[in-house]
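Protein chains in written order, with the numbering used here: chain A, 1 to 319; chain B, 1 to 319; chain C, 1 to 319; chain D, 1 to 319; chain E, 1 to 319; chain F, 1 to 319.
Among the clues, some could well be false.
Identical chains blur together in the list; that is why a pair holds if it fits in one copy or across any two.
What the hints assert, rightly or not - Under the rule of at most 25 Å between Cα atoms (straight-line distance), these lysine-lysine pairs were calculated in the DSS-like manner:
1) Lys173 to Lys20
2) Lys235 to Lys50
3) Lys119 to Lys84
4) Lys139 to Lys235
5) Lys130 to Lys56
6) Lys319 to Lys119
7) Lys319 to Lys235
Since the hints were derived computationally from the structure, they do not count as laboratory data. Note that the structure is predicted; figures quoted are calculated from it, not measured.
Residue-level listing of the chains:
Protein chains: 6
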Amino acid sequence: MMLIKQFVSGDEFTGFYLLKEVEVKQTSGGAPKEYLDIVLSDSSSYISAKLWDASKLDVETFVPMTVVKVQGLVQTYRERLQVKIIRLRKAEEEDNVSITDFIRSAPISTEQLVTTIEKVISEMEHAEIKAITTYCFNKVKDELYAAPAAKTHHHAYYGGLAYHMVRMLELGKFVCEQRPFLRADLLLAGIVLHDIAKPAEMNSSYGIVSDYSNQGKLLGHIHLAVSWITEAAMKLEIALDAPEVLGLQHLVLSHHNLPEWGSSIQPQLPEAVALHYIDAIDAKLQMVEDTLHTTPETEEWTPFIRGLENKAIYRLPLK
Amino acid sequence: MMLIKQFVSGDEFTGFYLLKEVEVKQTSGGAPKEYLDIVLSDSSSYISAKLWDASKLDVETFVPMTVVKVQGLVQTYRERLQVKIIRLRKAEEEDNVSITDFIRSAPISTEQLVTTIEKVISEMEHAEIKAITTYCFNKVKDELYAAPAAKTHHHAYYGGLAYHMVRMLELGKFVCEQRPFLRADLLLAGIVLHDIAKPAEMNSSYGIVSDYSNQGKLLGHIHLAVSWITEAAMKLEIALDAPEVLGLQHLVLSHHNLPEWGSSIQPQLPEAVALHYIDAIDAKLQMVEDTLHTTPETEEWTPFIRGLENKAIYRLPLK
Amino acid sequence: MMLIKQFVSGDEFTGFYLLKEVEVKQTSGGAPKEYLDIVLSDSSSYISAKLWDASKLDVETFVPMTVVKVQGLVQTYRERLQVKIIRLRKAEEEDNVSITDFIRSAPISTEQLVTTIEKVISEMEHAEIKAITTYCFNKVKDELYAAPAAKTHHHAYYGGLAYHMVRMLELGKFVCEQRPFLRADLLLAGIVLHDIAKPAEMNSSYGIVSDYSNQGKLLGHIHLAVSWITEAAMKLEIALDAPEVLGLQHLVLSHHNLPEWGSSIQPQLPEAVALHYIDAIDAKLQMVEDTLHTTPETEEWTPFIRGLENKAIYRLPLK
Amino acid sequence: MMLIKQFVSGDEFTGFYLLKEVEVKQTSGGAPKEYLDIVLSDSSSYISAKLWDASKLDVETFVPMTVVKVQGLVQTYRERLQVKIIRLRKAEEEDNVSITDFIRSAPISTEQLVTTIEKVISEMEHAEIKAITTYCFNKVKDELYAAPAAKTHHHAYYGGLAYHMVRMLELGKFVCEQRPFLRADLLLAGIVLHDIAKPAEMNSSYGIVSDYSNQGKLLGHIHLAVSWITEAAMKLEIALDAPEVLGLQHLVLSHHNLPEWGSSIQPQLPEAVALHYIDAIDAKLQMVEDTLHTTPETEEWTPFIRGLENKAIYRLPLK
Amino acid sequence: MMLIKQFVSGDEFTGFYLLKEVEVKQTSGGAPKEYLDIVLSDSSSYISAKLWDASKLDVETFVPMTVVKVQGLVQTYRERLQVKIIRLRKAEEEDNVSITDFIRSAPISTEQLVTTIEKVISEMEHAEIKAITTYCFNKVKDELYAAPAAKTHHHAYYGGLAYHMVRMLELGKFVCEQRPFLRADLLLAGIVLHDIAKPAEMNSSYGIVSDYSNQGKLLGHIHLAVSWITEAAMKLEIALDAPEVLGLQHLVLSHHNLPEWGSSIQPQLPEAVALHYIDAIDAKLQMVEDTLHTTPETEEWTPFIRGLENKAIYRLPLK
Amino acid sequence: MMLIKQFVSGDEFTGFYLLKEVEVKQTSGGAPKEYLDIVLSDSSSYISAKLWDASKLDVETFVPMTVVKVQGLVQTYRERLQVKIIRLRKAEEEDNVSITDFIRSAPISTEQLVTTIEKVISEMEHAEIKAITTYCFNKVKDELYAAPAAKTHHHAYYGGLAYHMVRMLELGKFVCEQRPFLRADLLLAGIVLHDIAKPAEMNSSYGIVSDYSNQGKLLGHIHLAVSWITEAAMKLEIALDAPEVLGLQHLVLSHHNLPEWGSSIQPQLPEAVALHYIDAIDAKLQMVEDTLHTTPETEEWTPFIRGLENKAIYRLPLK
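Turn these sequences into a full structure, and let the hints steer you where they fit.
This is the structure in structure tokens:
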């Protein structure tokens, strides 16, 4: 079966893909007809596709997150590839395909990622930090197997959030070795907690975010995580003004490093400074890696990357 | 006894005043001697004063927040008035003066202010909003009699925070009458809660802030208040994701109206929009009023006001 | 007759509506044909509509601001409702409908609004302020019955400008009672004058702005209003440097509260500070109210509101 | 007599200078005494000076803008030169010196500058533009002989405003020759009018600004000039919405080229674009020239120049 | 033959034009067909055009930068003129037309422009400045006959870069006469060098930029020009830290006048200040002139101009 | 000998210290006398000190960067410690002290640091990258033993630049292992070259920067480094447009990650993104570490740190 990333203009293909997005539209000409404006995806990439002259049944059948069998033609439209769908049907049990075969996911199995994070927590020596981190981690553990780290910016795929945490934990340990004045438990707990409420901020399935939750819009994941730490401390009977509660809440609150403008808080603990920059380097390099990965290797330049000040990345032909 | 606001260059006076600030300094000339660089205050205003050739005993005796009897001379220095102290002693019991006679305070008694706020809370109809507001209010009620609303910006005096709340509650009720689609309980609770954690953010006595607390610096009063609402809900067994918890936390979080940049949250409820602008109008007009009040009436222009984009206010001679 | 706000996908309807906007477009398919891309409106809301295969006569007949009888079908297109027009004709005299039945307008009759403003002016005690305000008011009185306060931002409907003034006058009086150091005549005159030149800045009919005038683009309504005050003073033989002229011009000039950067002027009178914040709170709350009003009640969130930092408003399900 | 610009540390000198600024200060040591903190100036530069142990008489005698005879010693203090005054007296009639000998002034006589401007106006062909320009010019003609263009930024000396106009008129004519689509009368009138109200915005004598007027602070010179054009049109019975009034007001309003943010207006006529950039180039190059002129030639770098983004200018040793 | 600038809706015409841009698109209706979305241009202006039902041969034949014979119909679409192409063929030798007849170009022949620049260089007196300028100039001399100064902003046509240089050289000489403290050789060399690497930054033909080069994206024309000066100095055996190398590199580096933020350099030589403002005035006035030139004279307002803060220019009807 | 970091108010001490800064000032009282305003330093910290009644000889003897023997008294002045000098003399040969005993320096010997960097370069596999890096490195190798990385921001001490490089090289290698798509030679060379021209930008001795060089002000270290790469390529006969030259110049140019605003270049290679964030994390954590190190351990909060948005760091009392 042909991977989407390998499509070339003129290809005719048949295979299974995932309907990542589906919109019903009408042609604007004489007697307007309905058609489906689709985003097909597999584990390698995604592509725009059209099903012209869609029947009522088509509209009802082909909803987002459905695996389908497609016969299609690859064309060029406005300098981008696009699929004209010739035949389309839902995958059936006999086809023996599963949605998880068609989604992008972290390069390491999420079971392994979650285990790694649990191991880091279990090795913490500071009892209260360990307890609070465990409490918050358990609130989302089940969702962590799938949750992405963001809607589009970076690590936007199955297991992306856990993958982001694991990479940051590796970097965090290395930096603590370089600079022993950093308190490792505090920094590693900050890494685990800084984005821990993202699964409550965004509604997602199979690593694909559909939208933000009401809580997500009105409070945001940072303030949710801060509330979870309050909740954990109350349940664990740790004083709300204990240094470890103050420290963990400060790390979460300040990790975006905003200017002191109104309610925002900037890093004022060494570990908070470290957390911000470890988060930044991991997120930015992952954006670069993901974009290079989904850009055909024949392209010298990737598309523009929003999170990198909207710049593209160049494949420098170093020998 | 002469009020500081009435001092004119050349006056010689004797009276009781408060040592609001005291710093020990050394003259820079030949054989350096110690002197005290003082801010004297009373209920009308404040003024810089010097006690030259301070003895060891003077340094130990004259500490901030002491009421003293001063014989002094009013001079002009760098276009501003300043007092040269001739004689100075601590007030004694027989003098029959109290520190509260010398501090600036809200124009309404703080007992009355606190009673007014309690009445507004007691009249709320929404049971959970009323309960959460009561819980948080009681955490600081004792401090509210004295607490200022800010270190210098606005309402920076005895009872200033309660006064700010009461004025905002009046405006809030008026706006709810103009626009019945606003839910009064939610808005009024938001007004009570938006700055409720300020007494925990700043260390103050008699309405004068000495510095920020560690909690204040690391979390800020907004996030403290949000945590208090979480705490209240847990104690009161209200679900943490109930609409009233979400709504009150959103009002507090968004009242500085920051751009959506990282962790910041902007108003997304009608009452949150109202809260922000009611807070703004009350704070800004109070800055104007306070500055006019402490500026001698012979001055056409007040000093520059930081919170008003550093502009001065002009006394327009309208007939 | 069905109100636009009540339309549901699948409805078929017949009724009278206003052609708020009409654009002639061509289908992009094979042999391109003309069609009309229309915005229909009534007093409740507005909706996009298409007339396919428009004849030359259609193009000439159906121009903006015409009341028409429509038979149409409500469809969903790109997640929004849209009308496919089946039959369309101009309203005739026998239909007994008037354009004013189909426009959005302030919730209070504009006659009443204008009368209210006149009453406030007539009660002013400062003779020159009253005379200047009257002079400027009379320049636009006839247009005030219809003029909107803005093209889209807020109060963008029939009588919107007068409604904005009246609400601000109510707030202004309340604030003057709270804070007697404010000079009511100056503030109330400033409220009347701050947007008084908007009818000269924007071309509108029935409260709908078609475009900005050349004067509006080259000078802007603020500088036009300042010139009108100069003109009024000259006609009334008031010195151009009299405090009341200076004060009123300053209130108008500074009401957007810009940083002192080049030619911009920031509030430096107490009444100018009050004017700015009263304008802000009224405009922002009206944006919220208008948007909630035109959003179907089945929607949890309104569309994004430009003037509120592009945030949406949430209908919090408080019991 | 030694010019200030030529002073070297260690010099002892006697001569006549102008007291540009005088402040009475007190020494901070043991028994504080008064001294005068002075800025001495002549036509070449200015320098800080101290008169220690000032008597009451000294304080009364030595006020700003007095010409004095000074015997002094040049010393270095904080890496800058400073004068210790040994003897000081007011200049008397027999000394035969005049204040105009001690002020910095434009390099061309102001009589000549004013004549040049009048000639440019007299050669305008467009009757109304010529009449309006003449009217406004005559309002300040008497002050133009002395008025500076700014307090400190550029052309801050006797005749500086007229000098700025003349240089801009030269550039304006050259640009009109390069680009005949520009209407010379409109551009040249804009050059004359753009800063015409500066004498009403700032109080100055002999080209030295002491402070801003109340009108200057509350309205600013740009809006004053716009009002003058309105006044001129009314007196000359030119319609207030005639293109020439609109054009001239637009040129004045937009010459600072602010972003469209609230009340500000940006250039939207070709001549308005030209005016902004001609103003900029003349002001910036004059800052450079003035700063190089008042910096001792032994210095490689000038002081930082606020109007040039706070950068210093380097004397590149090109052979 | 009809010039594009003279087209009026309804015109039918036959003539030769240049295919400036061609994109293959598909109609979105029923059975999608290909059509060509074209930009036709001649020396007067440009216009959008469509060739419906394009065959495979059409797609291969009609590529950008081809001169064609067109029979077409001028229509109005979305308030703009557009051409419906009826017949289309490539120009043949017998047609006796050349691509250079159809491109916009500087109003002076580029031969003359290049000669003028060479003359200015040849008259320089400072040997090293002259040698470095000559070296860099010769690197691009052949390209200067055609190169535009920008992709769209200003002087975006055949010979535009040379034209920009010549105009700036005229202004530069005038300013040096006004202000003799400016060193003419340094300033004029800076004018020649400031944009000299633009031909290496952008790929263009006949004055039309197709895209940026990889060097252009990764280094930018400013840093390329700085490197060329290094290269020139090494070849000419001038020390890399000689004042003339330093001066010329500084002029190039600082000509965009950025705030000192990281690697950016602001003008710190008098000639660098002059260069920045001469560049600005020439570029901005040319944008105005070009936009007026390509806007039909019947339009009161030009389109918005990006480089002028996105403002339009008004044709003020001065008599 | 007592370390400065251990000074407590009231201490009297005798020992050797370095005169890091010396300024001659005058007392402002009656008969002004000269005194020396000094910064004393040793390897642990630095402190302000005064020598009252300085003689002419004192002024000539005690110049910056002299090692002296001091008898002094530690006092508190404006809440900070300060030394009143009782006796002072230059260190003599018999004292057997060397300036290097009194300067702050990197925690690893600079010989070791330089050797480490050379080893990394020697292990590069890409011949041209290795050659260019070696060429540039050798230009400053001798200065690298002492050069600081900045004037005050971070690594502002003896060997600070080499220390910054070494730490970044460690991090760079770790990140390359985490993410094998990064080309290690390019990234490591970028780390060596990104600040390589700092010794030419700043004049320093013993790790203390006295000022910026003229080259530093006019071109800046980034553009100097880019020129050195051009110079290296020419000497090594590598084409100036070879990918390795382009890549290295891009890494240097973009490492401050400026928005694309005029001449500035942002990271567009994966290694450039990595370089920017590795530079940031190392610089910021070093600021934190250095500030904690020089702040007495009795202080809960450090002073404000400019490079960290002017925030202080808190010593959280985690058990």
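Hints and how they fare:
no.: 1; hint: Lys173 to Lys20; result: neither (37 Å within a copy, 38 Å between copies)
no.: 2; hint: Lys235 to Lys50; result: neither (53 Å within a copy, 55 Å between copies)
no.: 3; hint: Lys119 to Lys84; result: neither (48 Å within a copy, 57 Å between copies)
no.: 4; hint: Lys139 to Lys235; result: both (13 Å within a copy, 20 Å between copies)
no.: 5; hint: Lys130 to Lys56; result: neither (55 Å within a copy, 51 Å between copies)
no.: 6; hint: Lys319 to Lys119; result: between (41 Å within a copy, 22 Å between copies)
no.: 7; hint: Lys319 to Lys235; result: between (59 Å within a copy, 21 Å between copies)
Violated hints for the displayed structure, listed by number in ascending order: 1, 2, 3 and 5.
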